[in-house]
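Enquirer: Okay, here's what each chain looks like letter by letter:
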Amino acid sequence: DAKTTQPNSMESNEEEPVHLPCNHSTISGTDYIHWYRQLPSQGPEYVIHGLTSNVNNRMASLAIAEDRKSSTLILHRATLRDAAVYYCILWVEGSNYKLTFGKGTLLTVNP
Amino acid sequence: EPEVTQTPSHQVTQMGQEVILRCVPISNHLYFYWYRQILGQKVEFLVSFYNNEISEKSEIFDDQFSVERPDGSNFTLKIRSTKLEDSAMYFCASRPGHGADNEQFFGPGTRLTVL
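Residue numbers (my numbering), protein chains in the order written: chain V, 1 to 111; chain F, 1001 to 1115.
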C-alpha cells in the first residue's frame, strides 16, 4: 500500500484556519487522495478527496501539489468540533476500495 | 440522512465465547467492510464484502472470523472463539458502489470487551 506521512499532532485556535499537511511521495498516477477524520469515541468520517485538482466542499478544501507528492487539508475556520484525528489515505481504484489508515494527525483546537 | 447502524454498542464476553456483531449498512450500498481499532492504535481493515462474498481480507481475519449478509439489510461479523486480544472497537462501513467518488460511511462502532 502506498504510504503517507503526517505530523503526529497539530494545534489551532478556534475560528482560525488550519492547514494539515500530508506527504505521499510514492503516489502513483491513479491513486486518489482521501481524507477522513475520527472524532473522539466515534467512527471515521469522510472529509474530502481528490486526484489532481484542488477540491472544495462544505467541510474543507484540499490543495494538491502539482507533482502530487503532497497535499494539504484546509479547514477554513476551525471550531471545537473539528478536534479529531485526521487521516490522509491513498486510495487505489479497484483495490476493493478498502481504506488503510495510518496514525493520522491529532488536531487540538483551543477555545 | 441515511446512516450505518451497529448493535450492540458494547459487548462484554468471556474468553472462548462466540460473539456476533451486527451492522445495518445504508440501503442500496454495494460494498461492506469491517474494521477494528484496538484502544490507542490505528484503525485496521479486516474484511471487505461485495456481491455476497468476501472480496478481500486481512491477515487479522483468520478462521475465527466470519462475515455474513443473511438478508437484504444486515451484515454480521462473527468471532467464533474470542481471545483477550480481540478486545477492540469494531466498525462497520458501507460504500455505494464503484468509482472514486464514493466515500465509505462508517457506523458508530461496537466496543467488544473480552474478559
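Don't take every hint at face value.
[Unchecked claim] Once the Cα atoms are required to be at most 16 Å apart in a straight line, the calculated EDC-like pairs of lysine to aspartate or glutamate come out as:
no., chain 1, residue 1, chain 2, residue 2
1, V, K103, F, D1063
2, F, K1042, F, D1086
3, F, K1083, F, D1063
4, F, K1057, F, D1071
5, F, K1078, F, E1068
6, F, K1083, F, E1001
7, F, K1042, V, E45
8, F, K1042, F, E1103
9, V, K3, F, E1044
Hints in this document: simulated from the structure, not taken from any laboratory.
Enquirer: Each hint should be assessed against the structure and marked as holding or not.
Expert: Hints and how they fare:
1. Distance check on the hinted pair: K103(V) and D1063(F) sit about 27 Å apart at the alpha-carbon level, beyond 16 Å; violated.
2. This hinted pair checks out: K1042(F) and D1086(F) have alpha carbons roughly 14 Å apart, not beyond 16 Å.
3. The straight-line distance between the Cα atoms of K1083(F) and D1063(F) is roughly 13 Å, inside the 16 Å bound, and the hint therefore holds.
4. Between K1057(F) and D1071(F), the direct Cα distance comes to roughly 21 Å. Violation of the 16 Å bound is thereby established for this hinted pair.
5. Between K1078(F) and E1068(F) the alpha-carbon distance is near 8 Å, which keeps this suggested pair within the 16 Å criterion.
6. Restraint check for K1083(F) and E1001(F): not satisfied, since their Cα atoms lie roughly 36 Å apart, outside the 16 Å limit.
7. A distance of roughly 15 Å separates the Cα atoms of K1042(F) and E45(V); the hinted pair therefore holds under the 16 Å criterion.
8. Distance check on the hinted pair: K1042(F) and E1103(F) sit about 19 Å apart at the alpha-carbon level, beyond 16 Å; violated.
9. As the CA atoms of K3(V) and E1044(F) are separated by approximately 15 Å, the hinted pair is consistent with the 16 Å bound.
The structure does not agree with the numbered hints 1, 4, 6 and 8 stated previously, though it agrees with the rest.
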